[in-house]
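Student: Protein chains in written order, with the numbering used here: chain X, 1 to 102; chain L, 1 to 478.
Please note: incorrect hints may appear among the correct ones.
List time: in silico DMTMM-like cross-link candidates among lysine to aspartate or glutamate, alpha-carbon distance up to 25 Å [what the hints assert, rightly or not]:
no.	chain 1	residue 1	chain 2	residue 2
1	L	Lys397	X	Asp65
2	L	Lys397	X	Asp85
3	X	Lys14	L	Asp69
4	L	Lys410	X	Glu49
5	X	Lys30	L	Asp307
6	X	Lys77	L	Glu376
7	X	Lys9	L	Glu120
8	L	Lys364	X	Asp85
9	L	Lys358	X	Glu49
10	X	Lys77	L	Glu373
11	L	Lys397	X	Glu29
12	X	Lys30	L	Asp69
13	L	Lys268	X	Asp65
14	X	Lys77	L	Asp307
15	L	Lys19	X	Glu29
Worth flagging that the hints you see were computed from the coordinates, not collected in a lab.
Take a look at the letters that make up each chain.
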Amino acid sequence: MVKLVEIAKILRSKNAGPFEITLDVLFDEKQTYEEVKNAGVITKETIAEIYNLSPADIHHLVYFDQALGIKITIARKISSGSPGDRDVYGAQQHAPLMNLEI
Amino acid sequence: MERYSFHFNARRSVTDYKKDEEMERKSMQKCIKIISPCGILGYGFPKEPFLNAFHERIHGIVVDAGSTDAGPHKLGANVSIVSRRALKKDLSIILEKGLKHRIPVIIGSAGGAGAKTHVELTLEIVKEILAEQKTHAKIGIIWADFKQQTIIDALEEGRITPLSPNIPSLTKEIILDTKTIVAQMGHEPILKALKQGCDIILCGRSYDPSPFAALGIYHGMDPGLAYHLGKILECGALCAEPGTTKDSILGTLYEDCFTVQALNPIRKCTPTSVAAHTFYEKEHPFILHGPGFTLNLENCEFNEIADGIIEVRNSRYIPDSEMKIKLEGARKVSYRTFVIAGIRDPLLIHQLEDIERKVLQQVKSYFTEIPDEDYEVNFYHYGQDAVLGEQEPTPLKGHEIGVMFEVLAKEQELANSICANVRSTFLHYGYEGRKSSAGNLAFPFAPSDIEFGPVYEFSIYHLMRITRDPFLLEVVEV
Numbered sequence: 001m002v003k004l005v006e007i008a009k010i011l012r013s014k015n016a017g018p019f020e021i022t023l024d025v026l027f028d029e030k031q032t033y034e035e036v037k038n039a040g041v042i043t044k045e046t047i048a049e050i051y052n053l054s055p056a057d058i059h060h061l062v063y064f065d066q067a068l069g070i071k072i073t074i075a076r077k078i079s080s081g082s083p084g085d086r087d088v089y090g091a092q093q094h095a096p097l098m099n100l101e102i
Numbered sequence: 001m002e003r004y005s006f007h008f009n010a011r012r013s014v015t016d017y018k019k020d021e022e023m024e025r026k027s028m029q030k031c032i033k034i035i036s037p038c039g040i041l042g043y044g045f046p047k048e049p050f051l052n053a054f055h056e057r058i059h060g061i062v063v064d065a066g067s068t069d070a071g072p073h074k075l076g077a078n079v080s081i082v083s084r085r086a087l088k089k090d091l092s093i094i095l096e097k098g099l100k101h102r103i104p105v106i107i108g109s110a111g112g113a114g115a116k117t118h119v120e121l122t123l124e125i126v127k128e129i130l131a132e133q134k135t136h137a138k139i140g141i142i143w144a145d146f147k148q149q150t151i152i153d154a155l156e157e158g159r160i161t162p163l164s165p166n167i168p169s170l171t172k173e174i175i176l177d178t179k180t181i182v183a184q185m186g187h188e189p190i191l192k193a194l195k196q197g198c199d200i201i202l203c204g205r206s207y208d209p210s211p212f213a214a215l216g217i218y219h220g221m222d223p224g225l226a227y228h229l230g231k232i233l234e235c236g237a238l239c240a241e242p243g244t245t246k247d248s249i250l251g252t253l254y255e256d257c258f259t260v261q262a263l264n265p266i267r268k269c270t271p272t273s274v275a276a277h278t279f280y281e282k283e284h285p286f287i288l289h290g291p292g293f294t295l296n297l298e299n300c301e302f303n304e305i306a307d308g309i310i311e312v313r314n315s316r317y318i319p320d321s322e323m324k325i326k327l328e329g330a331r332k333v334s335y336r337t338f339v340i341a342g343i344r345d346p347l348l349i350h351q352l353e354d355i356e357r358k359v360l361q362q363v364k365s366y367f368t369e370i371p372d373e374d375y376e377v378n379f380y381h382y383g384q385d386a387v388l389g390e391q392e393p394t395p396l397k398g399h400e401i402g403v404m405f406e407v408l409a410k411e412q413e414l415a416n417s418i419c420a421n422v423r424s425t426f427l428h429y430g431y432e433g434r435k436s437s438a439g440n441l442a443f444p445f446a447p448s449d450i451e452f453g454p455v456y457e458f459s460i461y462h463l464m465r466i467t468r469d470p471f472l473l474e475v476v477e478v
């Protein structure tokens, strides 16, 4: 077992428009990427659990082989910069993914 | 889980000899070279890599100036995201070079949010620079503003849909509350300005890649490649390693591919860095929706054809059956006053949430004449869960906490009054077991209460179906 943060080259979050946040996990080796892809740990169910969301709030979860990356796009509960928002750029929402065990 | 299986195109292991051959073949082809000096106009960029790019023929300088990333405030309050000083500093360098080489300078989403006041501010600065440089130019200005009535009509005709499932449906009331409404333009109005021979084109709100794509399409290049290149160039050198929005990048369009390369020798593009950037801040990795089209990048190939020069192929532009544009609008929802303070006393940290609840009860019992729905008080605990809120999986409790509390109210005066009362109540609150009877909060500044002003929300983020190009081009000679 290894934590995602230890093997990913990039692990980031960012707004994809004001109503969604997109999480990118990118690798620098094809083998590591394939291992994570085949491990089947990163699923809509896992993401829903970590982020306390319903699976319907996960708008996309896609593996993109060319970029050796995984993209997960989730619904924001509060849109960027509205009252109650905590992260206007959505730039620090990736932290819960880091400790995911692969 | 969605799983897409791709035709994985392994990076070609070309020998240097083959690379040279490829570069030679490329040098014979028609190509269009575009420089993007930085990710947001006014972010700044080192001058030398930008100027060095002009050793070869460049066809245009294109720079994105806007984004919704910084929230709804810029659009709602009609303010810019960068300082006027920085805007002028960057623009002076860009305009001088563009005019000297007689190539178009295109600015996307001028002024930040691309609404009328933002475009006007940029135009004013452009005129100032032209006067200082004692030169003249033909300026194309493309407005992206929409009247409330136009949106109401579209709503009543059923031409408006939310962009994602978590966006509320639009109502006439929301539209009337939204003072500034813009839409993202495609390449079409920019192409019109290029055909009229404009030296400088100031675009209102644009789909970020559109100004780049317009230049490529103007020169007869493939729209799929032109838009994909635009998507990569619009962030400046963020697609290189190390990535940054504050440096120049060069894109070259060929008839069947495009290449990207960093201009600053301290950075380098790689197939992965460019492929990964295609990903950036988009909801889907290879399906990108733009005004009137979908970009399918599923079968793209990213290859290094020479040191640090990345070639991209197979970007596909698929026109939509209906033309839809993305509307953006922000409305004022409340006024804010806030306080930042530190808490170091472990007896207080231990029961912080409970004390805050009691402080609020005391504030409410003081202001009994103010209805509950007229204001709201929120506490944020930096060092504990301020960033992720209820999604925080690992609540940390350190030896100190940064507490930020805000009051949101119908009027600024009300927000100020309630915030002052929350602050004084919290400061002196005598909680159970308290030993520090002189005060609970360490304020870093005096005064402690900060009047923030109006707070906005994105009230419109919807698609509108249109039948004709609604963006107006105005041409002025200065």
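Student: Under the constraints set out in the numbered hints, which ones does this structure not fulfil?
Tutor: Hints 1, 4, 7, 9, 11, 12, 14 contradicted; others consistent.
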